[in-house]
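Fit chain Z to the supplied structure of chain U, relying on the hints for placement.
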Amino acid sequence: DAGVIQSPRHEVTEMGQEVTLRCKPISGHNSLFWYRQTMMRGLELLIYFNNNVPIDDSGMPEDRFSAKMPNASFSTLKIQPSEPRDSAVYFCASVLQGYTEAFFGQGTRLTVV
Amino acid sequence: AQSVAQPEDQVNVAEGNPLTVKCTYSVSGNPYLFWYVQYPNRGLQFLLKYITGDNLVKGSYGFEAEFNKSQTSFHLKKPSALVSDSALYFCAVRDRSGGSYIPTFGRGTSLIVHP
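Residue numbers (our numbering), protein chains in the order written: chain U, 1 to 113; chain Z, 1 to 115.
Please note: incorrect hints may appear among the correct ones.
[Stated by the list, open to error] Here are the simulated EDC-like pairs of lysine to aspartate or glutamate, each with C-alpha atoms no more than 20 Å apart in a straight line:
#1 Z:Lys-58 <-> U:Glu-44
#2 U:Lys-68 <-> U:Glu-44
#3 Z:Lys-69 <-> Z:Asp-85
#4 Z:Lys-49 <-> U:Glu-101
[To be verified] Per the computed footprint, the stretches of chain U lying under chain Z, defined by three or more beta-carbons under 8 Å from a beta-carbon of chain Z, are:
#5 64-78
#6 89-97
#7 105-112
In case anyone wonders, no lab produced these hints; they're calculated from the structure. Note that beta-carbon positions come from the ideal geometry of N, C-alpha and C, so glycine has one too.
Extracted from the complex, chain U is given alone in its bound form (with noise of 0.2 Å):
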């Protein structure tokens, strides 16, 4: 399995453009995370889905962020508009349930200038 795929790599966007991150869960597992990672605040968690129902999404920032998942497969997070507060890394992670680890993608790294 390639593991968890995550596009683009990196993102550089206008303040006020709309942007979307893209991730493909591991085949199988039946729940996803979204993570953003910076500096100041370390890793937060965003939202986490269970068999593709949005569970938990007390981590997402404002309602700039919206997180989908219409299929064990895909996964997309948008922010629109996009503020430059929200350049950082943003990772999709997925589990299989009755296991305990997450896999990790390679994260995105979003720049908004």
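Relative to the frame of chain U, chain Z by itself:
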């Protein structure tokens, strides 16, 4: 509620010396505990986990960790450090009794191994 503390932002060690990266945790019930490593510009990679049983857990790349329930600790150790071990290390906890699969991560400890 569950939480993790990694009290050291940075650990420096000479190559060949033993290393320890500290982690303490708090959970309502019994914990699942994890260590992950992050190399520059990469995602987190799973190193090892404690589920149940033997308190000493062995993982990838010669790392091991000891679960200490009375001290609520899960320190990461390696007998002989390599320069290539230099990376960011994260401890994580998940409450075994909860229905959620959400792990809580510490802030990370930067390990620097000097030649």
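Consistency of the hints with the structure:
no.: 1; hint: Z:Lys-58 <-> U:Glu-44; result: 27 Å, violated
no.: 2; hint: U:Lys-68 <-> U:Glu-44; result: 18 Å, holds
no.: 3; hint: Z:Lys-69 <-> Z:Asp-85; result: 27 Å, violated
no.: 4; hint: Z:Lys-49 <-> U:Glu-101; result: 8 Å, holds
no.: 5; hint: 64-78; result: violated (count 0)
no.: 6; hint: 89-97; result: holds (count 4)
no.: 7; hint: 105-112; result: holds (count 4)
Against the hints set out earlier in the document, violations occur for numbers 1, 3 and 5.
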